[in-house]
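Trainee: Below, each chain spelled out in residue letters.
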Amino acid sequence: GRVKEMNTYAWPTVFGGAGGESERTRADIISTVEFNYSGDLLATGDKGGRVVIFQREQENKSRPHSRGEYNVYSTFQSHEPEFDYLKSLEIEEKINKIRWLPQQNAAHFLLSTNDKTIKLWKISERDKRAEGYNLKDEDGRLRDPFRITALRVPILKPMDLMVEASPRRIFANAHTYHINSISVNSDHETYLSADDLRINLWHLEITDRSFNIVDIKPANMEELTEVITAAEFHPHQCNVFVYSSSKGTIRLCDMRSSALCDRHSKFFEEPEDPSSRSFFSEIISSISDVKFSHSGRYMMTRDYLSVKVWDLNMESRPVETHQVHEYLRSKLCSLYENDCIFDKFECCWNGSDSAIMTGSYNNFFRMFDRDTRRDVTLEASRESSKPRASLKPRKVCTGGKRKKDEISVDSLDFNKKILHTAWHPADNVIAVAATNNLYIFQDKIN
Amino acid sequence: MSQKQEEENPAEETGEEKQDTQEKEGLLPERAEEAKLKAKYPSLGQKPGGSDFLMKRLQKGVWGIVSYPLSLEPKGVLGMKSVEQKYFDSGDYNMAKAKMKNKQLPSAGPDKNLVTGDHIPTPQDLPQRKSSLVTSKLAG
Chain A
1 GRVKEMNTYA WPTVFGGAGG ESERTRADII STVEFNYSGD LLATGDKGGR VVIFQREQEN
61 KSRPHSRGEY NVYSTFQSHE PEFDYLKSLE IEEKINKIRW LPQQNAAHFL LSTNDKTIKL
121 WKISERDKRA EGYNLKDEDG RLRDPFRITA LRVPILKPMD LMVEASPRRI FANAHTYHIN
181 SISVNSDHET YLSADDLRIN LWHLEITDRS FNIVDIKPAN MEELTEVITA AEFHPHQCNV
241 FVYSSSKGTI RLCDMRSSAL CDRHSKFFEE PEDPSSRSFF SEIISSISDV KFSHSGRYMM
301 TRDYLSVKVW DLNMESRPVE THQVHEYLRS KLCSLYENDC IFDKFECCWN GSDSAIMTGS
361 YNNFFRMFDR DTRRDVTLEA SRESSKPRAS LKPRKVCTGG KRKKDEISVD SLDFNKKILH
421 TAWHPADNVI AVAATNNLYI FQDKIN
Chain B
1 MSQKQEEENP AEETGEEKQD TQEKEGLLPE RAEEAKLKAK YPSLGQKPGG SDFLMKRLQK
61 GVWGIVSYPL SLEPKGVLGM KSVEQKYFDS GDYNMAKAKM KNKQLPSAGP DKNLVTGDHI
121 PTPQDLPQRK SSLVTSKLAG
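So the sequences go chain by chain: A and B. If you count the first sequence from 1, position 313 lands on 313 in the UniProt record's numbering, and the numbers rise without skipping. If you count the second sequence from 1, position 92 lands on 92 in the UniProt record's numbering, and the numbers rise without skipping.
If you're looking for bench data, these hints aren't it; they were derived computationally from the structure. A portion of the hints provided could be inaccurate.
What the hints assert, rightly or not - Away from chain A, derived, C-beta distances all over 10 Å, residues of chain B:
1) K40
2) P42
3) S90
To be verified - In silico PhoX-like pairs for lysine-lysine, Cα to Cα no more than 20 Å straight-line:
4) A:K122 x A:K136
5) A:K157 x A:K128
6) A:K395 x A:K331
7) A:K344 x A:K247
8) A:K266 x A:K291
9) A:K331 x B:K36
10) B:K97 x A:K47
11) A:K47 x A:K416
12) A:K87 x B:K36
13) A:K417 x A:K395
14) A:K404 x A:K417
15) B:K40 x A:K331
16) A:K331 x B:K97
17) A:K331 x A:K291
18) A:K416 x A:K344
What the hints assert, rightly or not - Cβ-to-Cβ under 10 Å is the rule here; a few derived chain A residues that face chain B:
19) F54
20) F146
21) K331
Values in this document were obtained by computation on a predicted structure and should not be read as measured data. Beta carbons: idealized from backbone N, C-alpha and C, even for Gly.
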């Protein structure tokens, strides 16, 4: 449904250590957040290569206020650090992206990837155990066959629910450069993986080969001018995908037109006023995320200062531009010095495509309602997250007199960045990753 | 720089005019920031892009912490000031990992701390590789 009042988010569930900088280890930093297709499961990946999956409680009639809270369901180590012997470089175990597969049976499947290797994980439940085996004891020791005098049929007994994660496929050795995106196709059989210069198409059943569908590596590396920053399959058209670049452009490709999609079918770029060009122009135009709307009619891109909505039928310019933190334009020098200008923010749609959300600094995140044209800034922090109170909208003061409750640009904490957010596919439930903490907010109004 | 700029810009940016004004207002702070940067680091090239910088970015895809002054190595479009974690070989890599682990986990034992890096270690002396069973704090 439509986002009625964007400032009615409350009921925070917070996961993660409450400790400060000293307690938090690098490995705990959350690097990706993703709801599954039903929204009942929420997966997070971190820099330590671990995946944690949360499951929504079934709504309970006897507890009307239990609003489908999320609890830990399963956790496993997806990737380990590796050593590239050829280049003498370390391969980080950090999970760059997680994408769920649509559910086809009782088990759940997801793809998780680090810089080099994609893995398909099966998460299944076990709540029964067989007892009364003939050939072994209850503790597993083999029985002496000569002592077996009678046969019995093992019976299934209930046991405490156990959630097991097992790697079913490992898709390795297909990327020379660092993987930034994976995207499951609507055919539910294939998926793409994109690195800085190439995009590969995989079949979920086949691990020993993949098709290269985009290759922008120039013959002479001296001619390299842009890299691929994100890629995604169209939600309904299984032959269409898009990829974004470090120069702020998006290319839409149709796999029916040719096997190698180096030539795009559509090219999206907003014209730039050459007189306004500065040293920072190209850097801040680099697209850090691209997401199709659920309808498949639009796509959204995130660059350093704004979120843009594009109509797939119009390549010349976006149909909407939403400023995330325009006040940072006058801070670009220091943001370049401390590397923040290269931060890669993600963005997401709500289930009905009526609202979009993206993160900012100081643990702020922004929501834009496309219908009412209203936007709000909210904060994910333990101090501002009281159980029943709505999140209070925040305001950043850019100059002149600072009003009460406003925060000035110079007081913003640039180490507290919200790069990853996710929106439940149907309900008004959002997940916000603030460094090493995960916040899940629910809409107060039913 | 005093400017008439709203704290939170409205979501709509559809009108042509509005976009023009927005760009003109945006032009000034961006250029001012550029001047600031050039004043601090005069050796910076005109254009931050370029194949050298992108190529470096490809080798190590994450933004690292610089260990040398910014003026010596201008950053490219994609943050080329990252330091490459190059190792001589896998032995070098394992030694570096062991050293780092010793700093992070003092509970590894005082004897093991002394061994690593100071003399030729034997397999028994080296600390175990990072345990995979350290659960994420998200999982409680």
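Trainee: Any of the earlier hints contradicted here, and which numbers?
Mentor: 1, 3, 4, 12, 14, 16, 17 and 20
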